[in-house]
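As they're listed, the protein sequences go chains A and B.
Each step along the first sequence adds one to the number in UniProt numbering, with nothing skipped, and position 91 is 91.
Each step along the second sequence adds one to the number in UniProt numbering, with nothing skipped, and position 136 is 136.
Honestly, I wouldn't trust all of these hints.
Unchecked claim - To give an idea of the chain A side of the interface with chain B (calculated C-beta under 7 angstroms), a few residues: (1) Arg31; (2) Thr117; (3) Ser120; (4) Phe123; (5) His126; (6) Met127; (7) Gln128; (8) Ala129.
No wet-lab data here; the hints were simulated from the structure.
Note that CB positions come from ideal geometry on N, CA and C, so glycine has one too.
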Amino acid sequence: MVHFTAEEKVAVVSLWAKVNVELVGGEVLGRLLVVYPWTQRFFDSFGNLSSESAIMGNPKVKAHGKKVLSSFGNAVKHMDDLKDTFAELSELHCDKLHVDPENFKLLGNMISIVLATHFSKEFTPHMQAAWQKLTAAVANALAHKYH
Amino acid sequence: MVHFSAEEKTAITSLWGKVNVEEAGGEALGRLLVVYPWTQRFFDNFGNLSSASAIMGNPKVKAHGKKVLTSFGDAIKNMDNLKGAFAKLSELHCDKLHVDPENFRLLGNVLVIILASHFGKEFTPGVQAAWQKLVAGVATALAHKYH
Chain A
1 MVHFTAEEKV AVVSLWAKVN VELVGGEVLG RLLVVYPWTQ RFFDSFGNLS
51 SESAIMGNPK VKAHGKKVLS SFGNAVKHMD DLKDTFAELS ELHCDKLHVD
101 PENFKLLGNM ISIVLATHFS KEFTPHMQAA WQKLTAAVAN ALAHKYH
Chain B
1 MVHFSAEEKT AITSLWGKVN VEEAGGEALG RLLVVYPWTQ RFFDNFGNLS
51 SASAIMGNPK VKAHGKKVLT SFGDAIKNMD NLKGAFAKLS ELHCDKLHVD
101 PENFRLLGNV LVIILASHFG KEFTPGVQAA WQKLVAGVAT ALAHKYH
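Throw the hints in and build the complete structure from the sequences for me.
Below you can see the structure in the form of structure tokens.
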């Protein structure tokens, strides 16, 4: 089980409090679809994903991005118990959605990058390390129930 | 061989034109050492690497970071022939430095995050995609001569 120090928890929680989940969620999912285009295969019903601007402006992408990042907010509240927190979502992503768990790591990368664009110098090396540890742990938790 | 479109090349070179190589290089190497601490093993003679602030302020880290990022500038001038451009450095990193090539991908990730934090909104999804393609191409080129 991943262990977060008190400092790491403070770094994660303090930055999270300033995150506009709706805005950042849409941007994270949008960037995933632009930078790793194969991920678009999971979102056939989302309409126009034909260009960068279409993706970033797509209302379904924004709405789903907000949903995904809100769920990430649970991770921030349960940093000591990520596997249980994400157990049901893990089963869902395996059994129903058939998502390759590698994509969770890619989404985690996107979160770090979007946080960096928004928070700039405030996204210090220490902050970056704590967030990358969290996104890696969430990716593992989401993969945990795969079979 | 990786092929970059004209748009991707423009995205990369126009951003690179605004990068302070000395500052960004030091930050990239520093963040690598903070976020992925095992990479410190390659820099035993760099002195004090005992904390994030020690690492980020360490003059040898800054100097070597500048050297590494200057070399990255060569990649940008040779985007159509990365393997050729990095052949000698690849041999060096394998035969003399014994660096696991996975670390080249980590450095690439860190560089993308630094660009994101420096350029904010200007680091658009399209620009990000081009840069991620480049850092992946450089990592592959640096691993190419490994045996």
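Taking the hints in turn, this is what the structure says about them:
1. Arg31: 5 angstroms, holds
2. Thr117: Where the cut-off is 7 angstroms and the nearest Cβ of chain B is about 5 angstroms from Thr117 of chain A, the hint holds.
3. Ser120: For Ser120 of chain A, the interface hint holds, since the closest Cβ of chain B sits about 5 angstroms away, which is under 7 angstroms.
4. Phe123: 5 angstroms, holds
5. His126: Cβ of His126 of chain A sits 5 angstroms from chain B, so the hint holds.
6. Met127: 10 angstroms, violated
7. Gln128: 6 angstroms, holds
8. Ala129: With a minimum Cβ separation of about 4 angstroms from chain B (threshold 7 angstroms), the hint on Ala129 of chain A holds.
When each numbered hint is compared with the structure, a violation occurs for hint 6 only.
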